[in-house]
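Undergrad: Here the structure of chain S is known, so what remains is to put chain B in place on it, guided by the hints.
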Amino acid sequence: MIKLEHVTKIYPGTTSPAVDDLSFTVPSGEICTIVGPSGCGKTTTMKMVNRLIEPTDGEIYVLNDRGELQNVLEMDPIMLRRNIGYVIQQIGLFPHRTILQNIGTVPKLLEWDNTQIRSRAEELLDMMNMPHEFLDRYPHELSGGQRQRIGVARAMAADPPVMLMDEPFGAIDPINRNLLQNEFLRLQQEIKKTILFVTHDIDEAIKMGDKIAILSGHGTLEQYDSPAKILSDPANEFIEDFVGADRTLKQLNLIRVEEVMDKKPFLLQSTQSADEALKILDEHNRDYGYVVDSDKRLQGYVNRRDLKGKSGWIDEYVTKAATSLPITMNLRDALSEMLMVDYSTICVVDNRDRVRGTISTAMIQEALTESLKKEEV
Amino acid sequence: MPTETQEKTTFVGFWQELLDDWMSTLTSPDLETYVRLKEKATSLKTVINIGLLGLVIGFFVLTVQPPSFVQTESLFLDLGRLIFYTEADFFILSLILFVVATLLGGTGGFIEHSYLLSLVTAPLGLVIVAFLFLTHKLGLTLAAILNPLGSIGITTIFIVLFVLYGFLLLLFAIEAAHEMESHQVIYTIGAVLGSWGLLRVFAMFAAGEDNIITQESAFLAEEWARGTLQQALLGHLWMVAFSVLIAVVIGVVIGVLITMPPKRPQVSHLFFLIPLGVFFLMWAAPKGWLGMGIADPIMEVSNTLKIILTRSAKGVFGPLLSLLSAIVRKPAAVGMIGVILTVIIYALLIAGESASELTLYIAGIILTIPSIALFGVFIGPFSIGAFNAVVALTLYAQLPILRNTYTGIKEVEPEIVEAGRGMGMTEFQLLRDVKIPIATPVIMAGVRVSVVMLVGIAAIASYIGNDTLGDYIFHGIQRVQPLRYYAGAITVAVFALLMDYLLGLLQNRLTPEGLKGRR
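Going down the list, the protein sequences come from chains S and B.
In this text, residue positions in the first sequence follow this note's numbering: the first is 632, and each later residue adds one.
In this text, residue positions in the second sequence follow this note's numbering: the first is 68, and each later residue adds one.
Chain S with its partners taken away, still in its complex shape (with noise of 0.2 Å):
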């Protein structure tokens, strides 16, 4: 748990405040984004917590490992930097040093014997799906985005509880940038670090939120909530305005295929022969159906004019799929997926690629007008 209350900075020599009156909790294991436009304090805020910057005014308190609330400003700064976490955009790695010693920076300054160190900072590489023959490399030999993973690694080296992260994710393409936010959702899943997450993309934000702190110009809090009730119910006219005229669209984001695809959907087996295949779709009225194998793998599709007349097994005729949607994608980039491939239906597949059901454009039109139902009521 991280609490922030009445916390206030003034720089020296400005009369304005950076930070003004700030007061949230960000529960533990939930990940909060700080979010707002440029020069709103919101690094500022993040570096009161580990006292890269002192407060001018105000309390932070820090859930500790041994369960305890603890008032930063009563810390050793030292001894309370230790034990945050801490990433930011341009990684700052040690580029002397191999990856092996980046990661072990804070577990050495722990003083934790070379052993403890290395198994751990296998493991690291292990969550982050990265071989082990990384830790002897030094970092010029990795990639932008193999980097990014090992700044993240060296923040969860001495497993803090607490993680403050910059926009880690600022400095890498796109579809890079995509990949590593989607991993960190599934590594947060198994870590539940206490997270605060600064950025300045409002589509970051949402995603990677359990909770939204919005800031305006100097540091003053316009929003906290969480991402649904921010894009259903703003607060006030900066946080429509910062959130965006497609803040209908954004709520896309926030539900998973798995929430609205059929989930009986209607296969045909490999095993089936064409005769059958035919008559199964004039039953369901189709022009196509989809094909699985006997562990219910996605083959393919076959179109009813390929069947008309011929014999033997249905998967002579199957056409491959070009596409499926993995099961925990949200349903903005399932959309724009479906609308790329031209296809009203998409088989939806777990990570064995076996199919879970199907979604089409229609489903995806009727969730979104439900949640605005909901946000009328």
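The set of hints was computed from the structure by calculation and includes no laboratory data.
One thing to keep in mind: the hints can contain errors.
To be verified - Straight line, CA to CA, 20 Å or less: simulated DMTMM-like cross-link-like pairs of lysine to aspartate or glutamate:
# : chain 1 : residue 1 : chain 2 : residue 2
1 : S       : Lys824    : S       : Asp841
2 : S       : Lys739    : B       : Asp500
3 : S       : Lys678    : B       : Glu482
4 : B       : Lys583    : S       : Asp767
TA: Quick look at chain B alone, frame taken from chain S:
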């Protein structure tokens, strides 16, 4: 139609093409031209190119110096003989260059290689022959032409430019013929010229020639045999090494201090009173300011140490021990310097970064003081001798180190420092584990500059009575013995180059593995 073109290339076309090739090498002497001409290379054209040169050389030598070149009754036979010699010389040289180039990774064939070389050699050779012919006809000697102070000495400049032009053409020709990198071409030509030089020097000694090179090496050998050269070398080496070692400590400390944020004085800073007190005692007591009671024991310790050090000052470490003895016998001077340094370091600790500009400015100014003047200034407080020299050399040496330490640390990317600080490193850990290791290559570059500079300045320290290689230079000038001052100059230069090379290796060793091959 096809037969006509065929005929044209075999007869008129051949000469026209040859002329074209000549014109393009002379009018657009660049790599592309040679690469293009490489396609048109044939052995016949090469032979004709060099044959033309041989013909002109033949006419020239037969006209200018008939007695030594006319050997038969027939002019044609003599001409033919000279043409043959020219061809033979060219192909032998070309072959040597070809072999070396191939060994160094050249890929061209010998025909292309020779043809491109002939396109450099023949036109330039013709110009040279024409030039020599003209001077001969005008009755000028080579000495008169080359004397840069003479009335026609301006030609020297043209000749130098011409030689450089020829060298450039040669580079292009080899680069084009073998598709090499420029540095490989330089190595090729360097290897050939270098081995020629070595052979020439070897021949000099084998034949017992009496010239400046053999005389100088005889002089050096004699000095070595008497042991005086080694002594001067060791004196020089220790003088430089000792001063640089002190300078590294002072330079790095000051360089680091002026990158730190300013500090408020704290109670713990009272620690500085300890060195300050000790140094002040060393300074004041021998002067008798505190009464003879304290002065005597200090001087006694100083004397005993001095005697021990002087007695054991033999062998390889001899000059170092003499330096140390020169230092221990001046406790007051050491104390004074100690007091000044302690005050400066404390002041910089408090001022931190705000003093960086001033510090670097002062450091820059000190560097502009001529070394001989600085030695002179220090005669006042420290009189002459090793102590004076060490102080002056240390002062010079720490400037590049200080500057490079400052820039090296300032250049560490701020996000690296922020990451370190954010993970809970103390300022000292940040400095020791992050900033200094990353700045090491830059700091070492400063040390390298310092050492090379000191090797030169230490020679001048001989002026205030110190045994270094400078002795050869000063004594040589006083006694008008060129061999002696050449010896000084050569050894100092070689010493400086050697130190630079060795420190380059050290720099590479000290550079953290992860910083090599970055970017």
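Undergrad: Of all the hints given earlier, name the ones this structure violates by number, lowest first.
TA: none
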